[in-house]
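Participant: Since the structure of chain A is already known, use the hints to place chain B on it.
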Amino acid sequence: MVQKTSTRAVGIGRVLIAVYAILALAATARSVFQISTQFDQAPLAYSLSALSGVIYIMATIALIMPGRRWYAIAWATISFEFVGVVLVGLLSIIDPSVFVPSSQYAHSDHATVWSYFGIGYGFVPLVLPILGMLWLRHTRPGHNAEVAADDPAVQDA
Amino acid sequence: MIDWFTWVQAGIATAVALFCIVMGLAKRQPNDYTVGAMALIEVLLLVQLVVAIVAPFAGNQATGSVVEFYIYLVVALLLPPLAVVWALVDRSRWSNVVMGAGAFAVAVMIVRMLQIWTA
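Chains A and B, in that order, are what the protein sequence lines are. What the first sequence shows, in the working numbering, is residues 1 to 157, in sequence order. What the second sequence shows, in the working numbering, is residues 1001 to 1119, in sequence order.
Since the hints were derived computationally from the structure, they do not count as laboratory data. Remember, predicted model here, so these are calculated numbers, not experimental data. Be aware that one or more of the hints could be misleading.
Derived DEER-like restraints, expressed as beta-carbon distance ranges [unchecked claim]:
| hint | chain 1 | residue 1 | chain 2 | residue 2 | range |
| --- | --- | --- | --- | --- | --- |
| 1 | A | 66 | B | 1032 | 31 to 37 Å |
| 2 | A | 87 | B | 1015 | 35 to 41 Å |
| 3 | A | 66 | B | 1112 | 31 to 37 Å |
| 4 | B | 1054 | A | 123 | 32 to 38 Å |
| 5 | A | 94 | B | 1065 | 26 to 32 Å |
| 6 | A | 32 | B | 1018 | 29 to 35 Å |
With the Cβ distance kept under 10 Å, some of the chain B side facing chain A (calculated, not the full set) [as the list claims (entries may be wrong)]:
| hint | residue |
| --- | --- |
| 7 | 1024 |
| 8 | 1068 |
| 9 | 1082 |
| 10 | 1090 |
| 11 | 1101 |
| 12 | 1105 |
Just so it is clear, CB atoms sit at the ideal spot from N, CA and C, and this is done for glycine as well.
Pulled out of the complex, with its shape left as it was, chain A reads as follows (with noise of 0.2 Å):
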């Protein structure tokens, strides 16, 4: 059955796609400041600054829409932001020459947004995509019935 109403866009959902959209801005319009301007000094970390964006903005769209294909978007999109973060995370702390090659701009602003597990967001892409996970799994399709009568708030929707 196509549903018309998403599923996902309700109650506290809401909150989770407005942080989403923040972060998305965020991860977007630095990352063409630092393409536009400095992008020599460090092209892999800025080339992951542009696709984190771009993951970002697919996750907001993907968690605003209804129905399955854009559910499995959404899964898709936000355990790639997670491992992203992760994987960055490690790497930023293991080597981070590997981001930015001259060691004169190591530890410098020349960050991406999963840079240190997100530590320049206040650690908040590490933990969103763990919400938004919990929030993907709370929201199966299928399972509305049950959400919608446990959760006064996506009655309210």
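Facilitator: Okay, now just chain B, sitting in the frame of chain A:
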């Protein structure tokens, strides 16, 4: 940038963030107080924009990246109106929490703007 004004602005934005989030968790719908608080943040950001334009002529030059500063300022200026539109469309209590998240993001961005200006 003017140091004291920037810190007062960051403090007010943080207070508004807490106020809106508490109102949302207290199951209140968006109202004149929470929307008005977001409007106050927007007015202060516009004042900050005027200060940023005038400051260089008064001998207050940015030592950091001016382009990066203005990217932050423009994105910050967009957040309160977007959050308020959200609250007008979605009348549920969660819109107060959404406005709170937006206000908190503005608070962080203001502090970051001061770091960039004086870098």
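Participant: Against this structure, judge whether each hint is valid.
Facilitator: Now the hints, each set against the structure:
1. Take residue 66(A) and residue 1032(B): their Cβ atoms lie about 33 Å apart, and the range 31 to 37 Å holds.
2. The hinted range of 35 to 41 Å is satisfied by residue 87(A) and residue 1015(B), whose Cβ atoms lie roughly 37 Å apart.
3. A hinted range of 31 to 37 Å holds for the C-beta pair residue 66(A) and residue 1112(B), which are about 36 Å apart.
4. The hinted range of 32 to 38 Å is satisfied by residue 1054(B) and residue 123(A), whose Cβ atoms lie roughly 37 Å apart.
5. At roughly 29 Å, the beta-carbon separation of residue 94(A) and residue 1065(B) lies within the given 26 to 32 Å, and the hint holds.
6. About 31 Å separates the C-beta atoms of residue 32(A) and residue 1018(B), a value consistent with the hinted range of 29 to 35 Å.
7. Here the hint on residue 1024(B) is kept, as its CB sits about 8 Å from the closest CB of chain A, short of 10 Å.
8. Hint status for residue 1068(B): holds, given a least beta-carbon distance of 6 Å to chain A, under 10 Å.
9. Satisfaction of the interface hint for residue 1082(B) is found here, the shortest Cβ-Cβ separation to chain A being roughly 8 Å, below the 10 Å cut-off.
10. For residue 1090(B), the shortest C-beta to C-beta distance to chain A is roughly 6 Å, which falls under 10 Å, so the interface hint holds.
11. The restraint placing residue 1101(B) at the interface with chain A holds, with a minimum CB-CB distance near 5 Å, inside the 10 Å limit.
12. Residue-level restraint check for residue 1105(B) holds (minimum Cβ-Cβ distance to chain A is 5 Å; threshold 10 Å).
Taken one by one, the earlier hints all hold for this structure without exception.
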